[in-house]
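Going line by line, the protein sequences match chains B and L.
Going by the working numbering, the letters in the first sequence line up with residues 2 to 484, in that order.
Going by the working numbering, the letters in the second sequence line up with residues 2 to 484, in that order.
Since the hints were derived computationally from the structure, they do not count as laboratory data.
Heads up, some of the hints might be wrong.
Any copy, or any two copies together, can satisfy a pair, since identical chains are not distinguished.
[Stated by the list, open to error] With a straight-line Cα cutoff of 20 Å, these simulated EDC-like cross-link-like pairs (lysine to aspartate or glutamate) come out:
| # | residue 1 | residue 2 |
| --- | --- | --- |
| 1 | Lys206 | Glu185 |
| 2 | Lys256 | Glu305 |
| 3 | Lys192 | Glu45 |
| 4 | Lys255 | Asp278 |
| 5 | Lys255 | Glu286 |
| 6 | Lys191 | Asp226 |
| 7 | Lys255 | Glu290 |
| 8 | Lys79 | Asp103 |
| 9 | Lys256 | Glu286 |
| 10 | Lys142 | Asp121 |
| 11 | Lys256 | Glu285 |
| 12 | Lys192 | Asp226 |
| 13 | Lys316 | Glu293 |
| 14 | Lys191 | Asp225 |
Note that the coordinates shown come from a computational prediction; the quantities given were computed from them, not determined experimentally.
Protein chains: 2
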Amino acid sequence: MEKENKAIEMNENLSLEQILNEISENDFDDIFDDLFEQISTLIEQKKYKQVREILIEMNSADIAEIMEEIIDEIDIEKAILMFRMLPKDVSVEVFAYLPTTDQVNVISGISQMEVNYIMDELAFDDMIDVLEELPANIVDKILEQTPKNERKLINTFLNYPDNCAGTLMTPDYISLRKEMTVGEALAYIKKEGMDSETIYTCYVKEAGRKLIGIVSLRTLVIADDNLSVGEVMEDDFVSVNVYDDQEEVSDVFKKYDFLAIPVVDKEDRLVGIITVDDIIDVIEEENTEDFERMAGIMDGTDTEYLDMSVLSHVKTRLPWLIFLSVSLMVTGAIIAQFEDMLSSVIVLVAYLPLLMGTGGNTGSQAATLIIRGMAVGDMEPADALKVLWKELRIAATVGLVLSVFNFAKIMIIDGESALIAFTVSLAMLLVVIFAKVLGGLLPMAAKKLGIDPALMATPMISSITDMVSATTYCMLASLILGI
Amino acid sequence: MEKENKAIEMNENLSLEQILNEISENDFDDIFDDLFEQISTLIEQKKYKQVREILIEMNSADIAEIMEEIIDEIDIEKAILMFRMLPKDVSVEVFAYLPTTDQVNVISGISQMEVNYIMDELAFDDMIDVLEELPANIVDKILEQTPKNERKLINTFLNYPDNCAGTLMTPDYISLRKEMTVGEALAYIKKEGMDSETIYTCYVKEAGRKLIGIVSLRTLVIADDNLSVGEVMEDDFVSVNVYDDQEEVSDVFKKYDFLAIPVVDKEDRLVGIITVDDIIDVIEEENTEDFERMAGIMDGTDTEYLDMSVLSHVKTRLPWLIFLSVSLMVTGAIIAQFEDMLSSVIVLVAYLPLLMGTGGNTGSQAATLIIRGMAVGDMEPADALKVLWKELRIAATVGLVLSVFNFAKIMIIDGESALIAFTVSLAMLLVVIFAKVLGGLLPMAAKKLGIDPALMATPMISSITDMVSATTYCMLASLILGI
Numbered sequence: 002m003e004k005e006n007k008a009i010e011m012n013e014n015l016s017l018e019q020i021l022n023e024i025s026e027n028d029f030d031d032i033f034d035d036l037f038e039q040i041s042t043l044i045e046q047k048k049y050k051q052v053r054e055i056l057i058e059m060n061s062a063d064i065a066e067i068m069e070e071i072i073d074e075i076d077i078e079k080a081i082l083m084f085r086m087l088p089k090d091v092s093v094e095v096f097a098y099l100p101t102t103d104q105v106n107v108i109s110g111i112s113q114m115e116v117n118y119i120m121d122e123l124a125f126d127d128m129i130d131v132l133e134e135l136p137a138n139i140v141d142k143i144l145e146q147t148p149k150n151e152r153k154l155i156n157t158f159l160n161y162p163d164n165c166a167g168t169l170m171t172p173d174y175i176s177l178r179k180e181m182t183v184g185e186a187l188a189y190i191k192k193e194g195m196d197s198e199t200i201y202t203c204y205v206k207e208a209g210r211k212l213i214g215i216v217s218l219r220t221l222v223i224a225d226d227n228l229s230v231g232e233v234m235e236d237d238f239v240s241v242n243v244y245d246d247q248e249e250v251s252d253v254f255k256k257y258d259f260l261a262i263p264v265v266d267k268e269d270r271l272v273g274i275i276t277v278d279d280i281i282d283v284i285e286e287e288n289t290e291d292f293e294r295m296a297g298i299m300d301g302t303d304t305e306y307l308d309m310s311v312l313s314h315v316k317t318r319l320p321w322l323i324f325l326s327v328s329l330m331v332t333g334a335i336i337a338q339f340e341d342m343l344s345s346v347i348v349l350v351a352y353l354p355l356l357m358g359t360g361g362n363t364g365s366q367a368a369t370l371i372i373r374g375m376a377v378g379d380m381e382p383a384d385a386l387k388v389l390w391k392e393l394r395i396a397a398t399v400g401l402v403l404s405v406f407n408f409a410k411i412m413i414i415d416g417e418s419a420l421i422a423f424t425v426s427l428a429m430l431l432v433v434i435f436a437k438v439l440g441g442l443l444p445m446a447a448k449k450l451g452i453d454p455a456l457m458a459t460p461m462i463s464s465i466t467d468m469v470s471a472t473t474y475c476m477l478a479s480l481i482l483g484i
Numbered sequence: 002m003e004k005e006n007k008a009i010e011m012n013e014n015l016s017l018e019q020i021l022n023e024i025s026e027n028d029f030d031d032i033f034d035d036l037f038e039q040i041s042t043l044i045e046q047k048k049y050k051q052v053r054e055i056l057i058e059m060n061s062a063d064i065a066e067i068m069e070e071i072i073d074e075i076d077i078e079k080a081i082l083m084f085r086m087l088p089k090d091v092s093v094e095v096f097a098y099l100p101t102t103d104q105v106n107v108i109s110g111i112s113q114m115e116v117n118y119i120m121d122e123l124a125f126d127d128m129i130d131v132l133e134e135l136p137a138n139i140v141d142k143i144l145e146q147t148p149k150n151e152r153k154l155i156n157t158f159l160n161y162p163d164n165c166a167g168t169l170m171t172p173d174y175i176s177l178r179k180e181m182t183v184g185e186a187l188a189y190i191k192k193e194g195m196d197s198e199t200i201y202t203c204y205v206k207e208a209g210r211k212l213i214g215i216v217s218l219r220t221l222v223i224a225d226d227n228l229s230v231g232e233v234m235e236d237d238f239v240s241v242n243v244y245d246d247q248e249e250v251s252d253v254f255k256k257y258d259f260l261a262i263p264v265v266d267k268e269d270r271l272v273g274i275i276t277v278d279d280i281i282d283v284i285e286e287e288n289t290e291d292f293e294r295m296a297g298i299m300d301g302t303d304t305e306y307l308d309m310s311v312l313s314h315v316k317t318r319l320p321w322l323i324f325l326s327v328s329l330m331v332t333g334a335i336i337a338q339f340e341d342m343l344s345s346v347i348v349l350v351a352y353l354p355l356l357m358g359t360g361g362n363t364g365s366q367a368a369t370l371i372i373r374g375m376a377v378g379d380m381e382p383a384d385a386l387k388v389l390w391k392e393l394r395i396a397a398t399v400g401l402v403l404s405v406f407n408f409a410k411i412m413i414i415d416g417e418s419a420l421i422a423f424t425v426s427l428a429m430l431l432v433v434i435f436a437k438v439l440g441g442l443l444p445m446a447a448k449k450l451g452i453d454p455a456l457m458a459t460p461m462i463s464s465i466t467d468m469v470s471a472t473t474y475c476m477l478a479s480l481i482l483g484i
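Make a model of the complete structure from these sequences and hints.
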């Protein structure tokens with residue numbers, strides 16, 4: 002509380018311009034908190050004119066962030082109140098920056114006329130994203146207001162399967178004909194270009210909408226005005242199919258450093274383009290999916306952590322936990338087989354966590370490197386032998402160091418017999434080698450079988466190494482100690 | 002081997018054009034393997050003319066990929082042989098797409114004249130990346146050939162600290178003056194624009210290089226030719242400082258959907274621009290760092306897994322393993338305290354892995370979600386109370402389900418007494434609650450203290466929960482079973 006008061010005070014000493022300048026620079030977080038405090042206080046005090054004056058100076062992305070904060074911390078009504086203060090064109094931009102859940106909430110809180118205005122002005126792909134999340138009755142109401150041919154296009158876009166190129170693309174692009182001169186093309190762009198989300202790449206189509214070439218605005222600006230578009234366009238371009246998975250599309254972007262890529266259907270007809278800003282979101286989404294799967298979390302919705310209900314969280318976490326607890330029971334059953342031996346040399350039990358924990362940790366280091374390596378395209382299942390050879394040598398080195406370290410510790414600090422120290426150390430070496438090889442190869446095997454390698458991370462690897470650790474350790478002990 | 006032969010056979014049945022068409026579409030991997038086989042066979046047979054014919058039809062990014070494969074699978078000499086077959090302008094593009102280690106190898110294998118040509122034609126930021134990795138004597142040789150003022154610029158760029166905005170930027174941009182008309186600006190771009198890596202955003206500077214506005218090429222093309230640049234430019238733009246961390250820069254890109262961002266020094270003078278394609282690499286790099294840290298792997302170089310020596314791998318993995326094995330020894334010591342009790346009811350030992358494993362798994366689910374949530378900006382340490390409340394409820398639900406499940410299993414399948422089943426289940430519930438809360442709060446606490454939250458993932462969380470599981474379980478058993 003004290004901190005908040007200080008923040009407001011600080012604000013009053015800074016001019017608005019100073020604050021806004023600061024935002025363009027550093028320490029976004031602190032300045033943001035200050036601005037949020039200032040705006041929400043002004044809304045509370047109904048000083049709407051001042052709120053509007055502050056907002057009008059701000060970047061749309063920043064306004065969207067403040068609005069999100071108001072929705073989370075205060076309520077949606079106050080946020081909508083603020084939203085309505087914005088000039089119409091700014092409000093559309095701010096709307097586009099909001100997360101989908103908030104967009105749906107805003108739509109439900111404003112008039113049909115305002116909704117129609119926003120839908121009309123929104124970039125096509127952004128509009129589709131919103132429509133996909135809205136309840137059917139609201140979608141119907143919006144579609145009633147759209148012209149018939151646009152309605153048909155919207156319905157086509159709404160029907161593409163999740164996570165395919167079709168759901169990422171926008172039909173807003175500049176198309177040219179190869180007979181146009183460069184000068185005509187530039188004049189055409191000058192006339193038509195205002196609405197496009199991107200006009201940096203233009204697409205050259207022949208009759209039947211077949212894509213025959215691409216030409217960047219840069220090329221057009223630089224080229225002689227009298228050349229034909231056909232002469233300056235590139236006919237050797239890369240495109241993706243409308244049903245390609247978004248992960249494949251993002252791989253293409255990463256490889257070729259594109260700003261936009263054309264999307265074609267089976268007959269090579271251009272149906273839309275995908276721009277790089279949407280790909281950055283895809284990359285982050287795919288990474289989040291990998292992080293979650295690697296921690297044994299089932300695919301949830303794209304909802305943010307704090308917005309997800311307790312029940313949804315439980316649903317995404319429980320399945321793997323139950324599966325893993327069954328495998329941990331197997332480890333328990335293995336140990337139970339050696340009960341007699343363990344109870345006669347009970348000190349052995351004290352080293353079980355060390356062996357199982359080290360197995361899990363070493364195995365998941367290898368698995369993480371391999372999963373990530375395959376995800377960024379550094380290696381593929383065909384490299385399995387190279388990985389095996391590398392992990393074997395790493396494991397031998399790491400295993401030896403850990404074994405010697407533990408041998409010394411068990412004899413000197415714990416004061417146990419050399420036989421016990423030897424049993425634990427040898428088991429350690431074997432477990433480390435097994436864990437590294439398993440961690441290295443299991444993700445590759447999974448990929449080969451068409452299973453997501455990310456599922457072969459820590460939880461899975463440590464469950465398996467637990468079983469192997471317990472078995473190896475107990476059998477070695479029984480052999481070496483002769484019990 | 003059989004597969005490889007089949008691939009070559011298949012190739013001979015396909016026309017070159019068919020293969021290349023296929024590449025632009027799907028199943029990159031298979032087609033690539035085929036092309037690689039074909040090219041490497043032709044090189045082996047010294048049919049260089051045919052190799053050149055194939056290469057000349059290919060995209061530079063694809064040639065770079067084939068070349069990487071040749072370096073990895075055959076040798077650098079063959080790769081350089083192929084590289085020298087390329088038309089000069091293509092060779093520069095291919096060079097730019099190669100990973101840095103391969104670039105350095107190529108540089109060492111070609112003539113000084115070829116090196117100078119490549120360095121001259123390479124985009125400035127790509128050249129800096131190469132120079133940073135080259136041995137000092139080669140850098141000196143290259144710098145000897147560059148004009149004095151460019152040499153000074155190169156030295157400035159080479160001296161920026163790692164991972165800051167300065168190392169990502171390029172000085173190749175279009176700068177305009179606000180007094181120019183739009184028509185003059187376009188004419189200027191037409192004359193100057195050829196060398197720039199990107200000209201989609203132009204930068205308006207006043208005397209003293211101070212950046213006063215930005216204007217997109219799109220705006221210029223669409224605007225009336227007689228307006229002045231000052232009238233159409235945006236003076237409310239976002240910039241980053243040359244010493245800002247690359248992670249901050251990528252956050253700015255993610256937030257504002259930019260294609261390029263200006264980089265300024267302390268005096269607001271424009272020193273370069275950063276383009277979105279370099280940011281995609283930064284995002285992947287930062288994600289890789291998080292993945293590795295979350296698996297207890299110390300920051301290595303940016304070298305690919307397969308290119309890293311066994312010793313470097315050991316160096317990145319061993320420190321955490323030793324640290325973790327010390328913490329696992331503490332768990333062992335805790336268990337050793339309860340030796341008498343455990344040996345009198347030895348069956349209790351069989352449930353230790355279940356409790357410790359479940360603790361680790363549930364804790365790392367929570368930790369992963371929080372670490373990732375903070376990385377993508379969905380939450381911050383200030384949300385700790387909300388996270389605590391959410392994790393408590395999730396943990397109670399998940400813990401109850403797992404406890405009931407295990408209680409039934411221990412009584413019915415294992416045939417143990419109700420008291421033992423109760424001990425295990427109650428310990429399970431407590432461990433799950435502790436693990437979820439720890440997993441939820443520890444990464445937030447780390448961030449608050451300026452430590453990378455990614456370090457508070459599975460290995461750390463499971464080491465701590467292991468200790469707590471062992472203590473809770475043994476104390477509960479001692480209490481409930483009265484031993």
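Evaluation of the provided hints:
Proximity of Lys206 to Glu185 under the C-alpha cut-off of 20 Å is restricted to the intra-copy arrangement: shortest distance 16 Å within a copy versus 31 Å between copies. Within a single copy, Lys256 and Glu305 get their C-alpha atoms only as close as 29 Å, which misses the 20 Å cut-off; across copies the closest is 16 Å, which meets it. Taking the shortest Cα distances, Lys192 and Glu45 never come within 20 Å of each other, neither inside one copy (45 Å) nor across copies (55 Å). For the homomeric pair Lys255 and Asp278, the shortest alpha-carbon distances inside one copy (12 Å) and between copies (8 Å) are both at most 20 Å.
For the identical chains of this complex, Lys255 and Glu286 are neighbours both inside a copy (15 Å) and across copies (12 Å), given an alpha-carbon limit of 20 Å. In this assembly of identical chains, the alpha carbons of Lys191 and Asp226 lie at most 20 Å apart whether taken from the same copy (14 Å) or from different copies (11 Å). Taking CA atoms no more than 20 Å apart as the test, Lys255 paired with Glu290 passes in both settings, with 18 Å inside one copy and 18 Å between copies. In this homomeric assembly, Lys79 and Asp103 come within 20 Å of each other (Cα to Cα) only inside a single copy, at 13 Å, whereas the closest approach across copies is 56 Å.
Taking the closest pair of Cα atoms, Lys256 and Glu286 come within 20 Å of each other both inside a single copy (18 Å) and across two copies (15 Å). Within a single copy, Lys142 and Asp121 get their C-alpha atoms as close as 13 Å, which meets the 20 Å cut-off; across copies the closest is 59 Å, which misses it. In this homomeric assembly, Lys256 and Glu285 come within 20 Å of each other (Cα to Cα) both inside a single copy, at 16 Å, and across copies, at 12 Å. With identical chains, the CA atoms of Lys192 and Asp226 are at most 20 Å apart both within one copy (17 Å) and between copies (13 Å).
Only within a single protomer do Lys316 and Glu293 lie at most 20 Å apart by alpha-carbon distance; the minimum there is 13 Å, versus 27 Å between protomers. With identical chains, the CA atoms of Lys191 and Asp225 are at most 20 Å apart both within one copy (17 Å) and between copies (9 Å).
Hint compliance for this structure: hint 3 is the single one not met.
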